[in-house]
Each structure stands twice: as structure tokens, then as C-alpha cells.
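Asks: Residues per chain are reported as follows:
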Amino acid sequence: MRRNCHLKLVMWLVCGVSITGFVHGRNAFAESTATHGATPRQEVHIERLTPAYWRITFDIPPFNIFGPETIPQLSEAITQLERDPQVKVVVFDSAVPGFFLTHYDFVPPLSDTTNLAPGPTGLPPLPDMLVRLSRAPVVSIVSIRGRATGVGSELSLASDMRFASREKAILSQWEVGAALVPGGGPMARLPRLMGRGRALEVLLGGEDIPGDLAERYGYVNRALPDAELDHFVDALARRIAGFDKQSIADIKRLVDIPTLPPDSEIGAEWDAFLGSAHRPQAQQNLKRLLEMGLQTKPDVEKRLPYYTGTLAQ
Amino acid sequence: MRRNCHLKLVMWLVCGVSITGFVHGRNAFAESTATHGATPRQEVHIERLTPAYWRITFDIPPFNIFGPETIPQLSEAITQLERDPQVKVVVFDSAVPGFFLTHYDFVPPLSDTTNLAPGPTGLPPLPDMLVRLSRAPVVSIVSIRGRATGVGSELSLASDMRFASREKAILSQWEVGAALVPGGGPMARLPRLMGRGRALEVLLGGEDIPGDLAERYGYVNRALPDAELDHFVDALARRIAGFDKQSIADIKRLVDIPTLPPDSEIGAEWDAFLGSAHRPQAQQNLKRLLEMGLQTKPDVEKRLPYYTGTLAQ
Amino acid sequence: MRRNCHLKLVMWLVCGVSITGFVHGRNAFAESTATHGATPRQEVHIERLTPAYWRITFDIPPFNIFGPETIPQLSEAITQLERDPQVKVVVFDSAVPGFFLTHYDFVPPLSDTTNLAPGPTGLPPLPDMLVRLSRAPVVSIVSIRGRATGVGSELSLASDMRFASREKAILSQWEVGAALVPGGGPMARLPRLMGRGRALEVLLGGEDIPGDLAERYGYVNRALPDAELDHFVDALARRIAGFDKQSIADIKRLVDIPTLPPDSEIGAEWDAFLGSAHRPQAQQNLKRLLEMGLQTKPDVEKRLPYYTGTLAQ
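Residue numbers (this note's numbering), protein chains in the order written: chain A, 222 to 534; chain H, 222 to 534; chain C, 222 to 534.
In isolation and in its complexed conformation, chain A is listed as follows (with noise of 0.2 Å):
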């Protein structure tokens, strides 16, 4: 599999040279990197609130779009969640209003991921970290408020529990509308939560699945009110980190077995993703998508599905 990505590496580099030549893209690249320098931006806070319950925030204005920089602070701090002799919870949440956590950085050449060492599974990086959450023996929470789109609905389905504001939180796979299969796991674990009737729904679709919708589905545990959802999961996370995390961590175990997919599956997805990335018509369909404004525009990072619904001839 190693040598087959390192194939699909040099294609990339070949073929993507219209993305990493995009104007605006190349721009927002150099930026990126001029900006940070050599201690890159912070971008995944750790707040441990008590020893047993910790807080993880993602905080990448102005659209928490997750790029290959985000991947060594995500996986450090899952493999502190996976250390730590005291954590037994831990809830993800945005300190960016309007966006939980979106789609992948398509700015930086593709290369700046997959040049990346896989991680302790042998999976790459992404899926490998998301496996290592649903995994861990740690009760990981995601409180959606926003969007949570591609890598942030990933994310989500890796988690143990997902909450959502009925109001303010929107999940998708939005992918096939870029031409794109999705890479972190969701053709595995959507199924498992709602059944292949509206798995295929929500990934062949691409449309957004607002919180109230995304309860009927079982795409979230909950769909709460905006107001009350900071409460709700706070009291559900204090009420785990009262338990005995011996107890915790054996209840988990025993669910994992007949709910987590076998790494098998997530391998075959990254490879799926990567397969579609260097495809012609997926280059185009970003290459237009970045020039209408993706990852610059407030607009079409909040109506994605509209703008992927343009792209058909």
C-alpha cells in the first residue's frame, strides 16, 4: 500500500499542478506558511477542565478547515487522550462561530499529507488518528455547533457520542460533489449508525443534514436547542468523569466489538480518496470550486451543496 501511495504521490504532483498553481490558492498557501513560521499556529486547544475531563477546541479561522498542519496537533492530542492515566472524557467543540469543523485544506499540495509517516495502526495519518480515537479507552463527545463538513463529520463519526444544536449544526458529506470519495471513514461508520438506506443519502447526495434531520437519521445521538446543548453535554460529560474509568473502559471495549469496522475498511476508503483526488474530473471540479471562492468566501463555505450542484455540465 506504501508504494502503491507513493504512485499516486508522483500522479498528484503531476496532475495537481493546477491546483497548486490556483492564484488564490497558492496565495492563501503562502500566507499559511509565512504566517506561522516555524512553530506552526496552535490550532487544537487541550483544556483539561478537571483531570478526568478534558476539552478539545478547534480554533482555524475563519472556517476550521483542517489541513496536513492540523494532523500532528490532532494526533498528539489523541495520543495524550490514549496516555493519560486520569482522562475518561473528553468533548471536541469550535471556538469559530458558524463552522464546527470543515472540509480538507485543498490549498497545499496533497503531498504535504500523504509524504506524512503513518501512525501507530500503519493506517495514514487521518484515518489513523480516527481510529485511534474510537478506540481509545476514553469517552470522546463532539458538540456540533456549525458546520461539519467532510473531516469535521469524520471526526464526528469517530467519536463516541455526537450532540447537535438544532439550530446551528449542519453535517455532510459533501464530497461526491467535488467528485471526490470521501477518505476518513464515513462509508464505514455512517451505515453502522443509520443504516445503508440513508448512508447512501447522505454520500451520494452531498447535501447538508441540519440537526433536527440529522436526529431522525441517527447522524447525531441528539439535535438539542442551541441554548441548551453547552449544558446538556457539559452534564453528561461531569456525570462520566464521576465513573470508574476501569468500568468505562471495559463497557467501550465490548461495544467496539460488534460496531467498530475493521481497519481493513477505513484503509480502503483513504485509498478510494486518493484514487478519486487525482482524477481529472475532481481537479476541475476543485479548481472551479476554489475559483468561486471555496476556503475564501463565507458564501460558499456555507452553502457548499448549492455550489457543487453548479459544477454539472
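Only true hints are included.
With a straight-line cut-off of 20 Å between C-alpha atoms, the simulated SDA-like cross-links for lysine to any residue are:
# : chain 1 : residue 1 : chain 2 : residue 2
1 : H       : K508      : H       : R524
2 : A       : K466      : C       : D492
3 : H       : K508      : C       : G463
In case anyone wonders, no lab produced these hints; they're calculated from the structure.
Starting from the known structure of chain A, fit chains H and C onto it as the hints suggest.
Replies: Frame of chain A; chains H and C shown alone:
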């Protein structure tokens, strides 16, 4: 298995006299072949709305009863879906008011069905084509208005997505009420969509499931107001038809892995159906239902669970 | 595994002194054996409404706490269901207002349970009889009014269908709050009904789940208005009782294939329960809960999650 089916066929031919000799049934069968002659009536219409977006419409008035003569027509349509290089999405609907697609035709002798050669998967034709529909690299959507009972429910379950009229859709697996085991996959497919408890209720209660309950149970993706159903399905189908065919096929193939039942489960259901069909209790129940007006009187077709409920001693 | 359990039993006997020596507990246990004498009180009533339709009623006032003395009675009832040639459907309900069936009895020494011989499946008696209920060729329906907590929830999950009073049913797996791992199958059965996320919320939050939320999560088939529950369940049971026993058994057997957990998962849960039960944290939590009034004060039984929530340091 083939030899086994052959044996069952012989038993059916022996036991089945009471049914094939049933007066109303025989008449209906005779009329039917007489009217259609050598070229059977076209019951399955394919309309290519665009090269990427097809509609397949069932048109078997007055009740959209699915019979042995329908099998090759639907099978041919599915073969075209499998092979056409341009089609991406197909919508199944009905031309017959009140009926999406209902139960199997009990008037022709069962040998008309069991004599048909197995399909490409090695399964008998009916389960074969449902399995092929599920695996086709094309998105299948059913738009359910009226009754989807028996084969109609089974085709819906084998399709990728199901949308129902809130006011006018009825789904059911009514077979247990006739002392039959369903044969087209619902024991494999229903619990994978809605869990064991609700699947057993549908399969063992044999009751009508209206649109809103079907949505709550996950029998359909969504139940929509009847006035919105056509527009919703058409918009979703056109949206998907604008996406990349390869990405659609890759996403569907990856979702297939954790969601599709193995062919062995599907084959076992067909065997159980045949086994039930030649037991005296099923023959007696079917005879009585045909006498009450099954396949001839609208009230019996529309209130089938009521009539099956009257059969018990 | 047997030797392992034996070892655990010895450890429990050593560690368990604090519980079996607990004043109120000891009294309750003494009274209980004194009152019942050689012929234990009948806690599990079987009523044959018709030869095909039975009702099994739990009658263990005041809280329907399930103890080691209940095991052989329920096991015997399930054996009758397995062997009777006429029964097709059984409804489980309660004779005790406010309680369907609750948690395991923590007053008798655990050895009263672990000393019982394994059942026909080779599993210990409690998981054995739940597994046998799931596989029996008879349709099992629980009618939940009042609390179905711990064993009550586990019996419900092992049954084929679950219907709940919207106003008066409460389901929960509260065990994590006592630093216990549940032992009767919910880590295997809950996620297969409601998906990983909601199952982890139920199992790790240890909160009460009222009827309407239980329906939204798929914990029960449906929550019905309390005034309609009995009629609905009775009508469904009578309907099924009128159908063909062989077809019922065949349909259930085919649904079993994709839905029932393997016995290995069930056995692993029981081992994890025993492992948790002899850890100091569980013993301390149970001791404190018994001191607060568990098994004696109605308020503790009725608001169990509140009391488990007070145990954290």
C-alpha cells in the same frame, strides 16, 4: 441447492393442484395469457429522462401484482442499468394509482417461477435480480405511492434509497398471514435497516406500515407530503445525475461492504419461501384468500392484513 | 472459563465481606430466606391465555428486583416456551406497579449466583436463559410499564419486540454508576438496535431513558400512550398467535442470522461483570447505595441515576 429446488418443484406440482385448479384463479390466468398472446404486455417501462437519469415504471393494472411474466422484464431492465455506460441514477415508480408494487401472483402455477433458469449470481431469478440491483454501480431510488407489499417491499429494500408518500404509501411484508415465509430478502435486509425488534414486528405481525411509521422505523429514508414527493425525488435524482459516475460507484461499493447481506442469506430465504409454499397451511390460506377476492377485489388488496387476520381458526 | 469464574468467586467471597456483612442487606437476605423457606415464593407466573398465547408476569414486590432465586423460575419458563408444541407468542409484563423488572439483587452473596450450574448453552444461567429466549421458536414481546433497569432492560433486549408505556416506562443500564459492567448482554444487543453512539450514551451515561426517548433511540419498537399499551400488545400477540407456527419459526430463524450476537460476546460480558463486581470501587459504591436505601427505599429505586450521580468524589 438446484437439486433441492427441483425436488420442491415436484412436490409443489403434486400439492399445488388445489391452487392451480382454483376456479377464479384459473380464469384470471387464462384471460391473462389469452390477452397478452405471444408478446407479453410491457409491464415495466424504462424512460430515459436523460442519459444519466432513468425512470422505471411498473404498469400492471389493476393492482401491480408481480408475476412470473414480470421477472424477465425487470431482469432485462436491471441488466441495462448494469451495462449502460452513462446511467447514474434510476427512480422506480408506479403508473397504477393506489399500488406501488404488490405481492407475487398466486394464480399461475409456481412452476412458472421455479422453471425459470437461475440468474447470473446463481440465485433464482427473483432474488437474483434484487441482489444485482443492490450491487449495480447505479443509484436506485424508489418513490413509493400506494401499496408496496411483498415483492414491492422487497424491491424497495433492495434499492439504495426509499422515499414514501406520507399520506398514500403503505409498506408491508404480509406473507406470514398466509402461512408463507417471504422469499425476496426481507429477513436479511429489514433488520439491517431498522434493527431486529422492529424487523420482527414487521415480518411477524404482517401489518400495514403507513408512511410516517415507515420513516420512524427506518423502513424508508423519509416520508414526504404526497404533494412534495415527486419534486423531492426528481431533484435528488437530477442532483446525483450531475455527479461523477466513478465516484458514485466507488462510494456505493464501499458502503456495500458493511451493509449488503451475503448471497447465502438471500438464497436461504428463497428456499424457506418454497418450503412454506408447498405446506398445506399456506395452500389452504391462499385458496381461502383467493376465494375472498385476493387478486380480484380491490378491498381485499387494500386491506390485506384484515383478511389474513380472519384466517385463523 | 469455569476455572476462571471459580477463581473470581473465591475473590468475591474474600472481598465481598463488606457487602454480605452489611447490616440492612444481611437483614433483608435473612428475612427473605426465612419467609420463603424450602419452597421459594413464585415470582414468575405463567398464564396460558390460549394454548398459543402465554403471558409471563414478574411478581416480586415491592421493586421487582431479580435475584438468584428468580433465575431457576425464569429458566424453567423459558424451557417450557422452547418445548411446548403449541405456544407461538409470549408477553412479559409485571404485577408490581412502577416496576417492570429492575436490577440484580445485591444482598445475597454473589456465590448464590456463581454457584449455579451453567445452562444448556454452556453460558452461566442468567446470560444462558436470555440467549435461549432470543433463539426460541416463539415470539417474545415485552410490555414495559414502570422501570426496566439492569436485568429488566437486558430481558427486554433479549426479547423479540419491546413496547413501552409512553408515560410510565423507564429503561436504563445504570450499572456504570455503581462501577459495574452490565453482565446480561446490553453491550452486544443495544448497539445492534440503536447504533454505537446511542448505545454508548445509554451504557456510559447510566441515565433513565423514558418511553418517548426510548422509541426515538430504537431502545423499544414503540412507546404507546399508557391507556393503549395493553390493548395494542394483546391485539398484536393474538394476531401472531393465529398465524402458522412453522412460518413464524422460519422467519425468526432467518432474522436471527444477521441480528443475534455470537455467544462469545455474551460470555465476555458476564466475565467483565464478574471482574467489575469484585473490584473495590464497585463494592464501595454498592455498599454506599445500600446504605442510602437501594433495595429498601422507593425513592432510591425510582431515582437511581440521581443517587449513582452522588457517589463521585
